[in-house]
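S.K.: Spelled out from the first residue to the last, the chains are:
2 protein chains.
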Amino acid sequence: MNPRGPGLLSLVPFVSVDHMMRIVWDIGVERMLVELAAYIEEDFRRWELFDKTPRIAAHSAEGVIELMPTSDGATYGFKYVNGHPKNAAAGRQTVTAFGVLSHVDSGYPMLISEMTILTALRTAAMSALAARALAPPGARTMAIVGNGAQCEFQAVAFKALAGVEAVRLYDVDPRATRKAAANLKGSGLDIAACGSSEEAILGAQIVTTCTADKRNATILTDNMIGPGVHLNAIGGDCPGKTELHRDILLRSDIFVEYAPQTRIEGEIQQLDAAHPVTELWQVLTGEAPGRRDARQITLFDGVGFAIEDFSALRYIRDQLDRTGHFVHLDLLADPDDPRDLYGMLLRHRPR
Amino acid sequence: MNPRGPGLLSLVPFVSVDHMMRIVWDIGVERMLVELAAYIEEDFRRWELFDKTPRIAAHSAEGVIELMPTSDGATYGFKYVNGHPKNAAAGRQTVTAFGVLSHVDSGYPMLISEMTILTALRTAAMSALAARALAPPGARTMAIVGNGAQCEFQAVAFKALAGVEAVRLYDVDPRATRKAAANLKGSGLDIAACGSSEEAILGAQIVTTCTADKRNATILTDNMIGPGVHLNAIGGDCPGKTELHRDILLRSDIFVEYAPQTRIEGEIQQLDAAHPVTELWQVLTGEAPGRRDARQITLFDGVGFAIEDFSALRYIRDQLDRTGHFVHLDLLADPDDPRDLYGMLLRHRPR
Numbered sequence: 001m002n003p004r005g006p007g008l009l010s011l012v013p014f015v016s017v018d019h020m021m022r023i024v025w026d027i028g029v030e031r032m033l034v035e036l037a038a039y040i041e042e043d044f045r046r047w048e049l050f051d052k053t054p055r056i057a058a059h060s061a062e063g064v065i066e067l068m069p070t071s072d073g074a075t076y077g078f079k080y081v082n083g084h085p086k087n088a089a090a091g092r093q094t095v096t097a098f099g100v101l102s103h104v105d106s107g108y109p110m111l112i113s114e115m116t117i118l119t120a121l122r123t124a125a126m127s128a129l130a131a132r133a134l135a136p137p138g139a140r141t142m143a144i145v146g147n148g149a150q151c152e153f154q155a156v157a158f159k160a161l162a163g164v165e166a167v168r169l170y171d172v173d174p175r176a177t178r179k180a181a182a183n184l185k186g187s188g189l190d191i192a193a194c195g196s197s198e199e200a201i202l203g204a205q206i207v208t209t210c211t212a213d214k215r216n217a218t219i220l221t222d223n224m225i226g227p228g229v230h231l232n233a234i235g236g237d238c239p240g241k242t243e244l245h246r247d248i249l250l251r252s253d254i255f256v257e258y259a260p261q262t263r264i265e266g267e268i269q270q271l272d273a274a275h276p277v278t279e280l281w282q283v284l285t286g287e288a289p290g291r292r293d294a295r296q297i298t299l300f301d302g303v304g305f306a307i308e309d310f311s312a313l314r315y316i317r318d319q320l321d322r323t324g325h326f327v328h329l330d331l332l333a334d335p336d337d338p339r340d341l342y343g344m345l346l347r348h349r350p351r
Numbered sequence: 001m002n003p004r005g006p007g008l009l010s011l012v013p014f015v016s017v018d019h020m021m022r023i024v025w026d027i028g029v030e031r032m033l034v035e036l037a038a039y040i041e042e043d044f045r046r047w048e049l050f051d052k053t054p055r056i057a058a059h060s061a062e063g064v065i066e067l068m069p070t071s072d073g074a075t076y077g078f079k080y081v082n083g084h085p086k087n088a089a090a091g092r093q094t095v096t097a098f099g100v101l102s103h104v105d106s107g108y109p110m111l112i113s114e115m116t117i118l119t120a121l122r123t124a125a126m127s128a129l130a131a132r133a134l135a136p137p138g139a140r141t142m143a144i145v146g147n148g149a150q151c152e153f154q155a156v157a158f159k160a161l162a163g164v165e166a167v168r169l170y171d172v173d174p175r176a177t178r179k180a181a182a183n184l185k186g187s188g189l190d191i192a193a194c195g196s197s198e199e200a201i202l203g204a205q206i207v208t209t210c211t212a213d214k215r216n217a218t219i220l221t222d223n224m225i226g227p228g229v230h231l232n233a234i235g236g237d238c239p240g241k242t243e244l245h246r247d248i249l250l251r252s253d254i255f256v257e258y259a260p261q262t263r264i265e266g267e268i269q270q271l272d273a274a275h276p277v278t279e280l281w282q283v284l285t286g287e288a289p290g291r292r293d294a295r296q297i298t299l300f301d302g303v304g305f306a307i308e309d310f311s312a313l314r315y316i317r318d319q320l321d322r323t324g325h326f327v328h329l330d331l332l333a334d335p336d337d338p339r340d341l342y343g344m345l346l347r348h349r350p351r
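Here the protein sequences come in this chain order: A and B. Position one of the first sequence corresponds to residue 1 (this note's numbering), numbered consecutively onward. Position one of the second sequence corresponds to residue 1 (this note's numbering), numbered consecutively onward.
Treat the hints as calculated values from the structure; they're not laboratory data. Please note that the accuracy of each hint is not assured.
One copy or any two copies: either way a pair holds, since identical chains are not told apart in the list.
[As the list claims (entries may be wrong)] In silico EDC-like cross-links for lysine to aspartate or glutamate, where the CA-CA straight-line distance does not exceed 16 Å:
no.	residue 1	residue 2
1	K86	E62
2	K52	D72
3	K185	E30
4	K185	D26
5	K52	D321
6	K185	D340
7	K185	E35
8	K86	D337
9	K86	E198
10	K52	E279
11	K86	D105
12	K185	E165
13	K185	D293
14	K52	D318
15	K52	D336
Bear in mind that the values here come from a model prediction, so they are computed numbers and not experimental data.
The following block holds chain A by itself, in its conformation from the complex (with noise of 0.2 Å):
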């Protein structure tokens, strides 16, 4: 053993995945979501402090492998995320993630989180904020399009945020959807599994699409889609991967969150690279208009975006001492010298 014991400053908090849901069931998922929200929303009026690297990706044939760094100035988080289609064949998630969260004045850590769970938390709560701006007034049914592990997330942050009380489920595959309503069941959710895309959107106010499939799909035709909708497109989010059919884009507000990334990433990778479109930033500072009038279509355009991982994470550490579900890791070498690291080495030889 370490005789002394790690040092204070080779600490580092460690949320695990048991820890993480142990914090959801603490807060309450509905809860959490809201002050999920709270925290990309405070980071995303604060927009113009951030540093906006762009991600940096690892193609492979069998996908990518991401590094998404951020910083406010203060605090510097990243976040590692893969995205692996096949590998739910293998059992494995097709997205997993973990972030991290260090202070800027000595670049020593100060969070290591598990972020599979909390991504599918983050990226609910923010389609829910852009919808509180976004959404007809009055809006209480929503379909959801593509019922797999992001579904119940966006349903249950609909609920908590945007007044909604009743969800339209449907996905090519109809397990997906038992699924999802059995999720949803107790919930206080009104779930109605359907048996087409069309059925799901029958008197839906807000539209969901949240499919898989790696490939430019048309999950939603022009006609499918009447006036005055919301459309939260949340699965066209990398390169060759769209769900929405081009001429709803045309006919549509597109509020994204960074247009240079969500141009490469996005649904609007179908249109021009001049085409207008508002970063939900300047919505929630009042610099520009969310939705207008009753008949205009709005669509958030979510490709997700490492300012999102950072107030996650952030929101995170602010409840590692309301929770306490966390453990230290010993990460980092902390010999009483600095400059005396070998001496560190030595004094843990065994005799």
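Chain A is fixed; fit chain B onto it per the hints.
M.R.: Using the frame of chain A, we list chain B on its own:
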């Protein structure tokens, strides 16, 4: 508690600082340096396979936080490393690091490891590997100017890998020299503490510079370096931080890890962008000559490159079973059905 315990796919081996020190002593410092050098050499010999992404740096007034990713197509690795010169005054390390190794085909991490100690070891192994190709045959005496955290690692690596028997130490701070001399007692090296750099380099065939000052310093002037010497310049490793007088560079044959990075960070930031340099992998594969004659001054301008960290992480991964010094972290959410992330959360709801 998680009633079933975390699934196998969710677990990632973690090597803490304490584990790393146990690994070092189980294997032995010298043997570990030799084995690390062999892993680095193996990767340098397949240089062209690697994805050589530049490091991604977040700069602030106090320092820098960097992510250094690379991949050989089958395995992906990255290192998080900070550089904060003022940390030492607060009892913190100037440089701390940790790293991750992942499967390219699934994106799943296979190792998280401390890398403060590991980076010190790989830096020394890299220097000694370069010296084996570049130092004059029969070199037995090395001067080390700058006796900070890297000093003893260099001394022991040159003993283990490059035939060095005597080390002459100098630092502007005599306490640093005393610390290094004390730590190297019992190393089997003949140690001399010197009162000036002029005294330290007397009779040395190899001169290592590894000072920590973040400025353009002149640790060695032109008249101090005679013919036939091998220079191992480690401390000039970021923009604005160099150690050698420009005239020494002009008289030397210069060897680097990766020219595009070294031209920004190394001693050669003082030279024209077109100044000829040789990448060390070319020497190791036999594509380019190392030392050609007895009067030649060779200079290894080492700045530390992502592939060395990759090699070091790969080495540590291969020691996990051999040493058993790691724990599993429950880092990745692992639902029974990958699409049922929310269901996993529900099944862990406390009753």
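S.K.: Among the hints numbered above, which are violated by the structure, and what are their numbers in rising order?
M.R.: 4, 5, 7, 9, 13, 14 and 15
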